[in-house]
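Position in the sequence shown counted from 1, then plus 1, gives you this note's numbering.
Be a bit skeptical, because a hint or two may be false.
To be verified - Quick list of simulated restraints, FRET-style, between CB atoms:
1. L45 - V300: 41 to 51 Å
2. L458 - F625: 47 to 57 Å
3. G567 - F147: 49 to 59 Å
4. L152 - L125: 21 to 31 Å
5. G126 - E453: 49 to 59 Å
6. F147 - L356: 35 to 45 Å
To be verified - Computed cross-link-like contacts, SDA-like style, restricted to lysine to any residue with a CA-CA straight-line distance of at most 25 Å:
7. K498 - S521
8. K462 - Y561
9. K307 - V282
10. K624 - V282
11. K29 - P470
12. K623 - K29
13. K498 - V37
14. K127 - K498
15. K243 - Y253
16. K624 - G269
17. K623 - V282
18. K618 - P589
19. K127 - P416
20. K534 - W286
21. K462 - K534
22. K127 - P589
23. K618 - A287
24. K534 - Q315
These are computed hints drawn from the structure, not numbers from a lab. Ideal Cβ placement from N, Cα and C applies to all residues, glycine included.
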Amino acid sequence: MPDDQRPVVMDKELEVYRSVLETPTEFKNGFTWVAVAGAFFCGLLMMPASIYLGLMTGGGIAAAWVTLIIFSEVSRRAMRTLSQQELVILLTVAGAMAVGGPFAQLVWRQFFIQSDAVRDIGLLGKFPAWFAPAPMSEAIQSRSLFHADWLVPILLIFFMTIIGRIKSYTLGYFFFRVTSDVERLPFPFAAIGAQGAMALAESGERKTTWKWRVFSLGAVIGIAFGFLQIGVPLITGSLLAKPIQFIPLPWYDSTTLTQGILPATPTGVVLDLGLIITGMVIPFWAMIGAAAAMVLTLVMNPLLYKLGLLTRWQPGMDTVATTFANNVDFWMSFGLGVTAGIAVISIYQTVRDLLKKARELRVRRSASQETTRRENVWAAPAGRGDFSPWIAVAIYIFCSIIVIGVCHWMVPGFPVLFLAFFTFLYTPLISYINARLVGIVGQHVEIPFVREAAFILSGYKGVEIWLAPIPIENYGGAAQAFRSKELTGTNFWSYVKAECLVTPLTFILSFIFWAFIWHSSAIPSDLFPFVNKMWELNAKNTVLLYSATLETGGAQPLFYQALHPGVIAGAFSFTMIAFVLLSTFSLPIMAIYGFVGGVGNMPHGFVCILIGALIGKFYFHKKFGQKRFLQITPVLAAGYGTGVGLIALIGVAINLIVSAVSASRF
Numbered sequence: 002m003p004d005d006q007r008p009v010v011m012d013k014e015l016e017v018y019r020s021v022l023e024t025p026t027e028f029k030n031g032f033t034w035v036a037v038a039g040a041f042f043c044g045l046l047m048m049p050a051s052i053y054l055g056l057m058t059g060g061g062i063a064a065a066w067v068t069l070i071i072f073s074e075v076s077r078r079a080m081r082t083l084s085q086q087e088l089v090i091l092l093t094v095a096g097a098m099a100v101g102g103p104f105a106q107l108v109w110r111q112f113f114i115q116s117d118a119v120r121d122i123g124l125l126g127k128f129p130a131w132f133a134p135a136p137m138s139e140a141i142q143s144r145s146l147f148h149a150d151w152l153v154p155i156l157l158i159f160f161m162t163i164i165g166r167i168k169s170y171t172l173g174y175f176f177f178r179v180t181s182d183v184e185r186l187p188f189p190f191a192a193i194g195a196q197g198a199m200a201l202a203e204s205g206e207r208k209t210t211w212k213w214r215v216f217s218l219g220a221v222i223g224i225a226f227g228f229l230q231i232g233v234p235l236i237t238g239s240l241l242a243k244p245i246q247f248i249p250l251p252w253y254d255s256t257t258l259t260q261g262i263l264p265a266t267p268t269g270v271v272l273d274l275g276l277i278i279t280g281m282v283i284p285f286w287a288m289i290g291a292a293a294a295m296v297l298t299l300v301m302n303p304l305l306y307k308l309g310l311l312t313r314w315q316p317g318m319d320t321v322a323t324t325f326a327n328n329v330d331f332w333m334s335f336g337l338g339v340t341a342g343i344a345v346i347s348i349y350q351t352v353r354d355l356l357k358k359a360r361e362l363r364v365r366r367s368a369s370q371e372t373t374r375r376e377n378v379w380a381a382p383a384g385r386g387d388f389s390p391w392i393a394v395a396i397y398i399f400c401s402i403i404v405i406g407v408c409h410w411m412v413p414g415f416p417v418l419f420l421a422f423f424t425f426l427y428t429p430l431i432s433y434i435n436a437r438l439v440g441i442v443g444q445h446v447e448i449p450f451v452r453e454a455a456f457i458l459s460g461y462k463g464v465e466i467w468l469a470p471i472p473i474e475n476y477g478g479a480a481q482a483f484r485s486k487e488l489t490g491t492n493f494w495s496y497v498k499a500e501c502l503v504t505p506l507t508f509i510l511s512f513i514f515w516a517f518i519w520h521s522s523a524i525p526s527d528l529f530p531f532v533n534k535m536w537e538l539n540a541k542n543t544v545l546l547y548s549a550t551l552e553t554g555g556a557q558p559l560f561y562q563a564l565h566p567g568v569i570a571g572a573f574s575f576t577m578i579a580f581v582l583l584s585t586f587s588l589p590i591m592a593i594y595g596f597v598g599g600v601g602n603m604p605h606g607f608v609c610i611l612i613g614a615l616i617g618k619f620y621f622h623k624k625f626g627q628k629r630f631l632q633i634t635p636v637l638a639a640g641y642g643t644g645v646g647l648i649a650l651i652g653v654a655i656n657l658i659v660s661a662v663s664a665s666r667f
């Protein structure tokens, strides 16, 4: 679309962000055999290592960037430079293949349906067969995914994954066309992901060799620390009844040691070099906001306990029990109030910007005395891989009707009117609001407890409603993803081809790896320290929500016990006042978003992240310069993730060998 026919941007300053990377005039295919090789490389090597790391430490591997750097350097030494389009698709494929895949949720379900939290609330054996087999099923007792009782849950996961990706692509594409092509929003963070891959496209030049040196340094550090952190537990866990740990996993818990000074306060620390590196690249003011939230939590917990507001905590409770007790007594309500405040602020900013844009557009049209023709509004660059936005909307509607039908089959007692409201009104509205927010300031917003409120207002009783795939989605982030793809000059259909490769391959490999790992060792167990702790807390928090629609024989459900209107109102007011003060004195608004992420949470992992942020800000930024250091750190992090991943792969290999030769494992 010619520039003189485009609506103007709301603020001229925002156009600067849009021009950081110029929109390409030529688009090329990026899906080649390089992407296929990258998918199998990540799926066969990185996925099992990522699964083990997630179970042990809660972390993962920077597999996407690892794959990108390795393939880039190998091709450079083979005298072939990969195009930026190939690298972008490789990055997309590698990122999708490196995660645990969809069958992680099945392993979680087998734990959840027989957990103490479920047993205590009276739900043991009451979950539908389309969610998970019964606790006494042979499929659960023998720890086998190769059992007929898992067939329906597996088919539903596969079906909903396919439908979900189609809905995300179509509605996300529609709002990309609206916010980027029509409204010309800048998408200030869209260039970040694009620039990384485009920089590596220069790998054939001599000036990019520093990446390999930094990557190698990170890998050496990762190997050394990873051997102590996860290598020793993995190897000894496969040979001994209980693994040996030199570094406490998932954290060192000091809650019972500090309870005399800080009663009702979870304390401890995660010892992880990876978190320090992560802290170096997180926006500094977001960290300051999170630090304020952590200090507030540490100060308020003892005070609230002395005031008699934290009544469920008892001396001797560890981190998990203390955190859950405090959530019920105070912090869930406080977090709800803060989140509601952020939602109101974001919606206010969106409405304000929309009104401002409408006024500017009217002034422009009045001054030029010309009306933009309807048929030119949706014009798109040639070769980008576009199709009619209205076809996208039609596909979304068709898929949504199918999802409504599936949900009604699963939960026939839940009003279809609510499903239609979520699908055709709420999801498009919240997606458009978020598409505009990310297009203007790079932020997202969620309206808290919309789903929960709908379940309660419907009058439905039972647990099934929480398990069904209720169509409450937010596809606003997909608009930025399309903008990032556009900036790389990659044809959109390259991503469609990549999805067609990744989706079935992820299902197959995820099923194989999770089936073997779960069959080899119980999950959770001492071999997997992170899930051994966190799944218990997750189960308690999940049951807390489920209790809102359960019959309790006249007793007040735990969910309602955790709702404190006064705390919610106070937190909401606090957030609004903080926003006004930061805006009035021109202070970074990013601090509020960091505060939301840190309030009421465990401080264990935050300590290392804060150390990394302070070292990065006050030492490395001065030594190398901010821009140069922010270029170096992601490559260092990728190398570190590779080193840790190599150790994880060795541990996985040893576990595979021991499981194959030891009859006791089976």
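Taking the hints in turn, this is what the structure says about them:
no. : hint                    : result
1   : L45 - V300: 41 to 51 Å  : 49 Å, holds
2   : L458 - F625: 47 to 57 Å : 55 Å, holds
3   : G567 - F147: 49 to 59 Å : 52 Å, holds
4   : L152 - L125: 21 to 31 Å : 23 Å, holds
5   : G126 - E453: 49 to 59 Å : 25 Å, violated
6   : F147 - L356: 35 to 45 Å : 58 Å, violated
7   : K498 - S521             : 35 Å, violated
8   : K462 - Y561             : 15 Å, holds
9   : K307 - V282             : 38 Å, violated
10  : K624 - V282             : 15 Å, holds
11  : K29 - P470              : 37 Å, violated
12  : K623 - K29              : 40 Å, violated
13  : K498 - V37              : 10 Å, holds
14  : K127 - K498             : 41 Å, violated
15  : K243 - Y253             : 18 Å, holds
16  : K624 - G269             : 32 Å, violated
17  : K623 - V282             : 15 Å, holds
18  : K618 - P589             : 16 Å, holds
19  : K127 - P416             : 22 Å, holds
20  : K534 - W286             : 30 Å, violated
21  : K462 - K534             : 30 Å, violated
22  : K127 - P589             : 49 Å, violated
23  : K618 - A287             : 13 Å, holds
24  : K534 - Q315             : 19 Å, holds
The earlier numbered hints that this structure contradicts are 5, 6, 7, 9, 11, 12, 14, 16, 20, 21, 22.
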